[in-house]
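> If you want the building blocks of each chain, they are given just below.
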Amino acid sequence: MSIEVRRVLKRFGAFQALDDVSLHVEGGSLTALLGPSGSGKSTLLRIIAGLETPDAGDVLISGELATAVKPQKRNVGFVFQHYAAFKHMTVRDNVAFGLKVRKRPKDEVGDRVALLLELVQLEAFGDRYPSQLSGGQRQRMALARALAPEPEVLLLDEPFGALDARVRAELRDWLRRLHEEVHVTTIFVTHDQAEAMDVASQIAVLNAGRIEQVGTPGDLYDEPETEFVMRFVGEVNRIGDRWVRPHDLEIVHDPAAGAVEAMIERISRLGFEARVELAAADGEPVVVQVTRDTLEELELERGQIVWVSPARERVFAEVGSAV
Amino acid sequence: MRRVALRSVALFYLAAILVGPLVVVFWRTFQHGVAPAWDALSAHDTIHAFELTLLITGIAEPVNTVFGILCALTVVRRDFPGKGLLNAFVDLPLALSPVVVGLALFLLYGRTGWFGPWLTSHGIRFLFALPSMVVATIFVSLPFVAREVVPTLREIGDEQEQAARTLGAGSWQTFWRITLPSIRLAVIYGVILTTARSLGEYGAVAVVSGRIQGVTETATLRVQEQYENFDLAGAYAISLVLALGAVLVLLTTTLLKPKEEVV
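In order, the protein sequences belong to chains A and G.
End of the first sequence sits at 334 in the working numbering; the numbers just go up one at a time, nothing left out.
End of the second sequence sits at 377 in the working numbering; the numbers just go up one at a time, nothing left out.
I should point out that these hints are in silico values taken from the structure, not numbers from a laboratory.
Just to be clear, a hint being listed does not mean it is correct.
Stated by the list, open to error - Pulled from the structure, derived: some chain A residues nowhere near chain G, Cβ distances all over 10 Å: (1) His-35; (2) Glu-37; (3) Gly-38; (4) Gly-61; (5) Ala-125; (6) His-194; (7) Glu-308.
Unchecked claim - Under the rule of at most 25 Å between Cα atoms (straight-line distance), these lysine to aspartate or glutamate pairs were calculated in the DMTMM-like manner: (8) Lys-114(A) <-> Glu-275(G); (9) Lys-197(G) <-> Glu-275(G); (10) Lys-81(A) <-> Glu-273(G); (11) Lys-371(G) <-> Asp-272(G); (12) Lys-98(A) <-> Asp-122(A); (13) Lys-114(A) <-> Glu-273(G); (14) Lys-197(G) <-> Asp-66(A); (15) Lys-98(A) <-> Glu-273(G); (16) Lys-84(A) <-> Glu-165(G); (17) Lys-81(A) <-> Glu-161(A); (18) Lys-111(A) <-> Glu-275(G); (19) Lys-81(A) <-> Glu-339(G); (20) Lys-98(A) <-> Glu-275(G); (21) Lys-111(A) <-> Glu-273(G).
To be verified - Simulated DEER-style distance windows between Cβ atoms: (22) Gly-121(A) <-> Leu-299(G): 27 to 35 Å; (23) Arg-192(G) <-> Arg-22(A): 14 to 22 Å; (24) Leu-126(A) <-> Leu-299(G): 32 to 40 Å; (25) Leu-299(G) <-> Gln-27(A): 38 to 46 Å; (26) Arg-188(A) <-> Asp-205(G): 41 to 49 Å; (27) Glu-161(A) <-> Pro-176(G): 39 to 47 Å; (28) Gly-198(G) <-> Gly-229(A): 52 to 60 Å; (29) Ala-173(A) <-> Ala-124(G): 40 to 48 Å; (30) Gln-27(A) <-> Gly-198(G): 26 to 34 Å; (31) Ser-212(A) <-> Leu-299(G): 44 to 52 Å; (32) Lys-117(A) <-> Phe-194(G): 53 to 61 Å; (33) Pro-176(G) <-> Glu-129(A): 40 to 48 Å.
Predicted, not measured: the structure shown is a model, and the values here were computed from it.
Just so it is clear, CB atoms sit at the ideal spot from N, CA and C, and this is done for glycine as well.
Please put together the full structure from these sequences, using the hints given.
Structure follows, in structure tokens:
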């Protein structure tokens, strides 16, 4: 049930969507493909599903070469951003679709559909049509539909992208719990780093058709290998040629070695923490995260001139640090 | 005030151009009672003319339905050089006078035409017989299904089809279970328009049929024939049946369309 992508190239006209991408996804894991729009993450997912054909390179599912296998033979479940609900079918028929085209016996189909509708908490909505459901319900239906034929791999393309923030957070939790229950190898595409960090056990960061780094959420945040990953995953400040996380900065009143001079422009208190926004002497904006205690201890105020000193910083070589 | 004026102009125009002639046909048919109209309709050649029209329509309709759906799928879902040309060619029958179509068939399949000698040597009678009339009718009623289906296909997109494929459906299953149900209404409108056009076809069929009474004479040709022979009762009665057919077709479309689309 593992997935292996080997040296995949894909070009759309003059646009290089994927440029020599290789990726290994462990069986049973929950992986996020994270990147800005146009980074190639959706293309990679669609190539794994067989909905796009790579110009070069291979896809292996459970160790078997799948590059030339049609999507209907790959045994993958795919969830689309805009649900792709079958509008002329009831919720029950939508979920049953994958079983019916496989000519499974009727009572088996009925049992499995009932089980899945319960799993996605849509038992009461079986006879409704997709147009009578909310966005979140439609996406849960789409998930049940994708899971019905017991796929080896579940692929989700920006599954929560079209939903409002509250439903999004709910479905995110729910997907994580679902994965703990079902244990199907899952890959989902997102441009939201918080979502990727929250849900996935492994994240592959894509940029301009290349994979920048693959690692756990902790690895990416604490040990970014490229400038792009540092900037894309979590908040970051640029001080000279160094990159520093907001909580790795210290504010002091007196000049210190390695510190830069800056003026406080805004202080926002967020409960236990506070965000201090400053402008460095060279004009660069700097954000520092401090505790409320530090804020009071230092008696920080708007308009004050202070010194900002990095406690932990990073310098990236120019190579591979695009953007 | 202006709105009322606009409305009366539109209504007057419709009354003068469309409703007026229909009413006159209706009145003329039953001017001397039901009996003469009934006699005219039950004449042997008239019944044959109606049967022929229905037969031709019955062949042209399924052929153009299948072709129209195929053509729409090709235009919307595939990308290939010359796609724009195909798209434009589908509309050709709308732009071309049916008489020209008939003449072109004459030139192609006539005794000195490209395919004429071959057909004759194989004992196939094309002109002045059913085949040429069917081909002419297929030609003039070709665009309707494709024209109705293309915008619907564009609107629904291909995500549902992709979803079906990832769920294990082959292309044939995807077409029957997903694509066809989604374009069902558009196909029905297209078929209705195709039917109306086929029933009313005159020009192209007039050229290729040879208008042999009781043999290659369709309902529309018979109207003209009876009118020329001063058999006005017959001409009016057949016209009325054709007109009623058209009204029926339009009513069906209106009833089928979802409420908000009715203008």
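> Against each hint, give a clear statement of whether it holds in the structure.
Right, here's what the structure says about each hint:
1. Non-interface status of His-35(A) relative to chain G is upheld: no Cβ of that chain comes within 10 Å, the nearest being about 22 Å off.
2. Every CB of chain G lies more than 10 Å from the CB of Glu-37(A), the least distance being 22 Å, so the non-interface label holds.
3. Against chain G, the non-interface label of Gly-38(A) holds: every CB pair exceeds 10 Å, the least being about 19 Å.
4. Listed as outside the interface, Gly-61(A) is inconsistent with that label: its C-beta sits roughly 8 Å from the nearest C-beta of chain G, within the 10 Å cut-off.
5. Distance to chain G confirms Ala-125(A) as a non-interface residue, since its nearest Cβ pair spans about 18 Å, more than 10 Å.
6. The beta carbon of His-194(A) sits about 20 Å from the closest Cβ of chain G, which is more than 10 Å, so the claim that it is off the interface holds.
7. Its beta-carbon lying about 56 Å from the closest one in chain G, Glu-308(A) satisfies the requirement of being farther than 10 Å from that chain.
8. For the given pair, Lys-114(A) sits about 19 Å from Glu-275(G) by alpha-carbon distance, which is consistent with the 25 Å threshold.
9. Annotation: proposed proximity of Lys-197(G) to Glu-275(G) holds, straight-line Cα distance about 21 Å (limit 25 Å).
10. Our distance criterion of 25 Å between C-alpha atoms is met by Lys-81(A) and Glu-273(G), whose separation comes to about 16 Å.
11. With a C-alpha separation of about 24 Å, the suggested pairing of Lys-371(G) with Asp-272(G) holds against the 25 Å cut-off.
12. Among the hinted pairs, Lys-98(A) with Asp-122(A) is consistent with the structure: their alpha-carbon atoms are about 23 Å apart, no more than 25 Å.
13. With a C-alpha separation of about 23 Å, the suggested pair Lys-114(A) and Glu-273(G) falls inside the 25 Å cut-off, and the hint holds.
14. Straight-line distance between C-alpha atoms of Lys-197(G) and Asp-66(A) comes to about 24 Å, which keeps the hinted pair within the 25 Å bound.
15. Note on Lys-98(A) and Glu-273(G): the hinted pairing holds, with a Cα-Cα distance of about 12 Å set against a maximum of 25 Å.
16. A distance of roughly 50 Å separates the Cα atoms of Lys-84(A) and Glu-165(G); the hinted pair therefore is violated under the 25 Å criterion.
17. In summary, the hint linking Lys-81(A) to Glu-161(A) is supported, as the alpha carbons are separated by about 17 Å, within the 25 Å threshold.
18. A hinted pair counts as satisfied when its Cα atoms are at most 25 Å apart, and Lys-111(A) with Glu-275(G) qualifies at roughly 16 Å.
19. About 60 Å separates the Cα atoms of Lys-81(A) and Glu-339(G), which puts this hinted pair outside 25 Å; it is violated.
20. This hinted pair checks out: Lys-98(A) and Glu-275(G) have alpha carbons roughly 12 Å apart, not beyond 25 Å.
21. Taking the CA atoms of Lys-111(A) and Glu-273(G), the gap is near 19 Å; set against the 25 Å cutoff, the hint holds.
22. Checking the proposed 27 to 35 Å range against Gly-121(A) and Leu-299(G) shows it holds: the Cβ atoms sit about 30 Å from each other.
23. Distance hint for Arg-192(G) and Arg-22(A): a CB-CB separation of about 20 Å, consistent with the stated range 14 to 22 Å.
24. For the pair Leu-126(A) and Leu-299(G), the supplied restraint of 32 to 40 Å holds, since their beta-carbon distance comes to about 34 Å.
25. Taken as a hint, the range 38 to 46 Å holds for the pair Leu-299(G) and Gln-27(A), whose Cβ atoms sit roughly 42 Å apart.
26. Distance hint check for Arg-188(A) and Asp-205(G): the Cβ-Cβ separation is about 55 Å, which falls outside the suggested range of 41 to 49 Å.
27. Checked against the hint of 39 to 47 Å, the pair Glu-161(A) and Pro-176(G) passes, with Cβ atoms roughly 41 Å apart.
28. Checked against the hint of 52 to 60 Å, the C-beta distance between Gly-198(G) and Gly-229(A) comes to roughly 54 Å, which is consistent with it.
29. For the hinted restraint 40 to 48 Å between Ala-173(A) and Ala-124(G), the CB-CB distance of approximately 43 Å keeps it satisfied.
30. Taken as a hint, the range 26 to 34 Å holds for the pair Gln-27(A) and Gly-198(G), whose Cβ atoms sit roughly 28 Å apart.
31. For the pair Ser-212(A) and Leu-299(G), the beta carbons lie near 47 Å from each other, so the given range of 44 to 52 Å is met.
32. With their beta carbons about 42 Å apart, Lys-117(A) and Phe-194(G) fall outside the hinted range of 53 to 61 Å.
33. Range check, Pro-176(G) to Glu-129(A): about 45 Å between beta-carbon atoms, so the 40 to 48 Å window is met.
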